[in-house]
Amino acid sequence: MAAVQDHGHGHGHDDHHPTGIMRWVTTTNHKDIGSMYLWFSLTMFFIGGTLAMGIRAELYQPGIQILEPELFNQFTTLHGLIMVFGAIMPAFVGLANWQVPMMIGAPDMAFARMNNWSFWLLPVAGSLLIVSFFVPGGAAAGGWTFYPPLSVQGGLGVDLMIFAIHILGASSIMGSINIITTILNMRAPGLTLMKMPMFVWTWLITAYLLVLVMPVLAGVVTMLLTDRHFGTSFFNAAGGGDPVLFQHIFWFFGHPEVYIMILPAFGIVSEIIPTFARKPLFGYSSMVYATASIAILSCFVWAHHMFTAGMPVTGQLFFMYATMLIAVPTAVKVFNWTATMWRGSMTFETPMLFSIGFIFLFVIGGFSGVICAIVPIDIQVQDTYYVIAHFHYVLVSGALFALFAAAYYWLPKWTGNMYSETLGKWHFWLSMFFFNATFFVQHFLGLAGMPRRIPDYALQFADFNKISSIGAFGFGLTQVLFLYIVISCIRSGEKAPEKPWDGATTLEWTHLPTPAPYHSFETPPVIK
Amino acid sequence: MNFTMLRKLFVFSIVMFAFGYALVPFYEKFCEVTGINNLLQPDILVQETQVDTSRWITVELDANTRGLPWEFKPLQSSVRIHPGEPVDVMYEITNNTDRVVNGQAIPSYSPRSLEKYLRKFECFCFTKQVLQPNEVRQMPVQFVIESSIPADVNTVTISYTFFELPDGKKAVNEK
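Chains as they are written, first to last, in this note's numbering: chain A, 1 to 528; chain B, 1001 to 1175.
Any given hint could turn out to be false.
Said to hold, decoys possible - Going by beta-carbon spacing under 7 Å, a handful of chain A positions derived as facing chain B: (1) Ile177; (2) Thr181; (3) Asn185; (4) Val211; (5) Pro215; (6) Ala218; (7) Gly219; (8) Ala238; (9) Gly240; (10) Ile249; (11) Pro312; (12) Val313; (13) Leu317.
To be verified - Chain A is faced by these chain B residues, among others (derived, beta-carbon under 7 Å): (14) Tyr1027; (15) Phe1163; (16) Val1172.
If you're looking for bench data, these hints aren't it; they were derived computationally from the structure.
Ideal Cβ positions, reconstructed from N, Cα and C, are used throughout, including at glycine.
With these hints in hand, go ahead and build the complete structure from the sequences.
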């Protein structure tokens, strides 16, 4: 084998590619790039998770035990940034890389080389964030939303963060341009837009949101950079700027961003529920319209993050009603999933468990979101643990659970091996238990007034914090089990049958062998 | 076909980058038109406020400088007033250097809710002040604290901080 392998000519024939590290550095194959995205995001997930463990360890009991306040602030800031930009977003892009071409019958992504570049920017940005802990003054510590004036005053760590965000933004924009072009131009003949799988639909809409708002984020961090070093005063009151302006521009990006992190999750769940209920998705077209409405509405609600920053009552009312309106299309989705399960022949393999867990817990997060949208309540709970509980319910048990569901659902297709169903179920139930132990009690802490981003707290919060910390340690450890399940599935999993899920109807299951070959759909399938 | 798409989407993201910057003048205009965050127009009294002679409020006057070589002080450190009564106070700046220095003052209030009840008819803040070497200037502030201010407020602070305006930079009211 080695005798005929010529490393310089990897692109000559079908499955020939450079071996070793160069295969991964130079690859333009959507499956390779998808895998790299997924491994990168899993790595960042564990790094961000370690920071979370640090935060919870400090909050285990009142007083300052392990983390000095400055370091604690760096931990909360970087935990947020790493989880949002390093773990959740790249994981969804990785899934899109693997799945979108296979689900629409395309041979690869539209711009294969740009795809390689979008990925390889990520480790650079990730390292900048991690390295920033070790520069003088430490990492950025003004919260993941990096509001001025703190972010204008911070040290070198803030500059590294700004640079990392620029790079991540460029990567996301390139990735989403690639995804949009692939979906719009490279579908198999006969696969009209309204026949596309929901996962592809949600990613199309997400990618549009990304090109809409990531450049605005790039703009606002550039303003921050010039405020810091080049004498502008966009956000500096002394120079005639306004720090509240930062919040408006940031949240113009930031609110669509939260839908960027949840819409693909909706797509995943909309694939998995019909498969395991063995029924077609209930209300397909209403799902598409609901996704589009959520995306459009998400651009008009940003100031609900700033109710206490100072705003006329008319503004507060507008943003309150607009925010609550989003509950309508979201409820359409939840009802559709429920109706899909209704009288289905359901089985409860791990992907289905995570999807149902997703619906259950995401709805809790959705409701606490509606509660936070109500101005007088928001004025009470803003910057408390109630908000922390709310967005962890939508991001952890929302986005992350959907990612786990997707990983279990497609692992057999990717690797050709089955994961251990028993361990998968353990992973689900332990995650479910510890997640709620961690975050449910934070609702009570928040309502009682415990502020976020503070390393110490008043004595009456001690019991709930202890429960929350124990839950967090359990949740963190449980994720090591996930790593073990994935690795043992790849290394020594049982051989997967051609079609392990008999309810699956999308192209990657019906038209491709398991595991998916390195090059798929070189001639497009015809969809009737 | 793919490259047409790439070009369109790329141009779109550049436009959105510019849009981020366009939000800055947009917000300024928006606030000006709607009167939100109106820093520059002198206030008018919303209603004829009664002078509440039964209450006394101590107004502490504070003055700070940041990064410019001026001496800045109020001519009286505090005044005792009745809510609803018009008050005149005087501040003084002195340029102790032998160069021309530009500065502008930014106000801040304590408690924060004072802003709602404070009506200023004349103020030197947000305006460029050019001081010749060793020049001394006195600047008046004229205000009313409305009598609707909550009864538990007995002491308020009005504070100004002078910042240097480097050459070529505009004060807030010149924009």
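These are the hints, each one checked on the structure:
no.: 1; hint: Ile177; result: holds (4 Å)
no.: 2; hint: Thr181; result: holds (4 Å)
no.: 3; hint: Asn185; result: holds (6 Å)
no.: 4; hint: Val211; result: holds (5 Å)
no.: 5; hint: Pro215; result: holds (4 Å)
no.: 6; hint: Ala218; result: holds (6 Å)
no.: 7; hint: Gly219; result: holds (3 Å)
no.: 8; hint: Ala238; result: holds (4 Å)
no.: 9; hint: Gly240; result: holds (4 Å)
no.: 10; hint: Ile249; result: holds (5 Å)
no.: 11; hint: Pro312; result: holds (6 Å)
no.: 12; hint: Val313; result: violated (11 Å)
no.: 13; hint: Leu317; result: violated (14 Å)
no.: 14; hint: Tyr1027; result: holds (6 Å)
no.: 15; hint: Phe1163; result: holds (4 Å)
no.: 16; hint: Val1172; result: holds (4 Å)
When held up to the earlier numbered hints, the structure conflicts with 12 and 13 and fits the remainder.
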